[in-house]
Amino acid sequence: MRTHRCGEVRPEDVGRRVRVCGWVSRRREHGEHLAFVDLRDHTGLVQCVVPGTVDVRSEYVLAVEGVVRARPAGTANPDLATGEVEIQECTVEVLSVAEPPPFAVDDRVDADEHLRIRYRFVDLRRPRMQANLRLRAVINAALRAGMERQGFCEVETPLLWAPTPEGAREFVVPSRLQHGTCYVLPQSPQLAKQLLMVGGMDRYYQIARCLRDEDLRADRQFEFTQLDVEASFVGQEDVLRFVSEAVLDAAERATGTRPSEIERLTWAEAMDRFGTDKPDLRFGMELVDLTAVFAGTEVRALAAPCVKGIVVEGGGETTRSRLDQLTDQARQLGGKGLAWFRVLPTGEGGTGLDGPLARFLTEDDVAGLLVATGAAAGDLVLVVADEHLTVCTVLGRLRVLLGGRPVSEGPYRFAWIVDFPLFEGIDGDGNPVAAHHPFTMPHPDDLDRLESDPTSVRSQSYDLVLNGWELGSGSVRIHRADVQSRIFAVLGIGPEEAESRFGFLLGAFRHGAPPHAGFAVGIDRLVAIFAGEESIREVIAFPKTQSGSDPMTGAPKPVAPRVMADLGLREVPAPE
RNA sequence: GGACCUGUGGUGCAGCCUGGAGUGCACGCCGGCCUGUCAAGCCGGAGGUCGCGGGUUCAAAUCCCGUCAGGUCCGCCA
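Those letters in the first sequence? Residues 1 to 576, per my numbering, in order.
It is possible that part of the hints are untrue.
Unchecked claim - Lysine-lysine pairs mimicking DSSO-like chemistry, simulated, CA-CA at most 30 Å apart:
| hint | residue 1 | residue 2 |
| --- | --- | --- |
| 1 | Lys557 | Lys544 |
| 2 | Lys278 | Lys336 |
| 3 | Lys278 | Lys557 |
If you're looking for bench data, these hints aren't it; they were derived computationally from the structure. These numbers come from a predicted model, not from an experiment.
Put together the whole structure using the sequences plus the hints.
Quick look at the structure:
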């Protein structure tokens, strides 16, 4: 049907008879004798010279046959890859007519996202979306190649799975053959891949769709895609190496440069320095410990087990209303408040600090704060005093709020976060909550504190972070029944409950479970960052809106009464 | 469950704060002119439930309340 793609016609083709197919991007008429038609396909544009009498309009689908000629002197278009040539003596075949598009098929005009998703089939013709989806394919291929090269075997796992009430809310699929029972769509292939290890697959990977019925965000859709990985007879170091290899391959293919080795921080260090377990390493503004400075302070607002601060360089001009706003935000994040100090030029009377608490500080306080933070005249210092974790998380948020940059902006700063705590917080029944999942292996050095001091126990789990986004997480799994029983006991899950929830997994483990460990990388986020996008919707062909609907298909929709009956379902009024 | 932002011809915006005739800009669309344009140009034209409902007012795109949709975020996401 065609000899060339539109964007690939070149001066070497001059004199050749060619046939190209594509969409009418633009038409420039010069009377009945002459019109220029820019024909577009996924490779780009080519100019076709046609008689002015040919009736073609925007987005018509054409096959154009003609002869490639150099453009007349002075009429080349340096902005086009095909700008030195054009197709002349054209015969035009209209393959499809088209209504005027609902918005311009053009990267220079940014249409409303709702419209773009409703008419996604038109939106996808834009170079931006073409580039994003093709980059995604390149990254998928690189990840696959990286895993294959390391001896991993791709295995598909079921989408119809059993409910495992734990973690994210699951999408439920009613059974037609057994009324009153349901499958669920997997939040991830977590349990399936562990069973593959018991099954001797040794090294498994999959580019797997995961489904979670949780609220949507710029970096979260109901359905998302992970590079899912699991390997037997390996430990944490092996997994980090496998995944680093594949991800750095993908980064290299996407950006043309291979990032240097991925640096590593412990969870404790990340929290201490950046106030988050997904630190953005592209900028400083690290948290500074001021606990010692204010150890004996008389200022009640600063008397706390932990005091830390961040310096906003040049932030001295921040308005009072903005500072009040930040204080409110600090409270919403769980802090008692926010102390702020403007650093004044030295020598101008008093303390050198300005702010509501400044006049209560001693000279030693001021000197200590300035030395510890290194703040200079014109800077703003934000201080939070509270429990250690609260101080860190509040300042961590403020740090990103005040110093953060768009996630996709270079440079790309990967980080491994290791040594996560095994448990985070305490649930309503007074039991610790698993930070990762209940099959995560505790750190061997901490195993003897599992019962006596559970919240101090580290786990063998690890996250991959890029520019402040969590790209993925993984862990070494528990393969020994005795350790697993102890974990369940600490979590307050009795043997019977464990059996009913995870029986098939625990049963499998009784048949010979190899030590194993794994990881999963969020591909949507990885692609978005390399595509220069702030939302994963831009790298998904057919995304949903924040309320979970699809303006193109109208999903979710009611189903016919017959379908409901087949499934044994009846709609009931929503509870008040 | 909550906070904030947005909603105006097909598209993107301005108008809203400070109420006074659906007013404006750019693109697109339709028709005409035009033989070297390239986001072509020139002339003419069509196209509106100012998201929806209610309230205040002599008068509402504009102010108030509610609601719907989209977005950003908090909660949520083992």
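Taking the hints in turn, this is what the structure says about them:
A distance of roughly 14 Å separates the Cα atoms of Lys557 and Lys544; the hinted pair therefore holds under the 30 Å criterion. Annotation: proposed proximity of Lys278 to Lys336 holds, straight-line Cα distance about 24 Å (limit 30 Å). Restraint check: the Cα-Cα separation between Lys278 and Lys557 comes to about 37 Å, which exceeds 30 Å; the hinted pair is violated.
Checked against the numbered hints above, the structure violates only hint 3.
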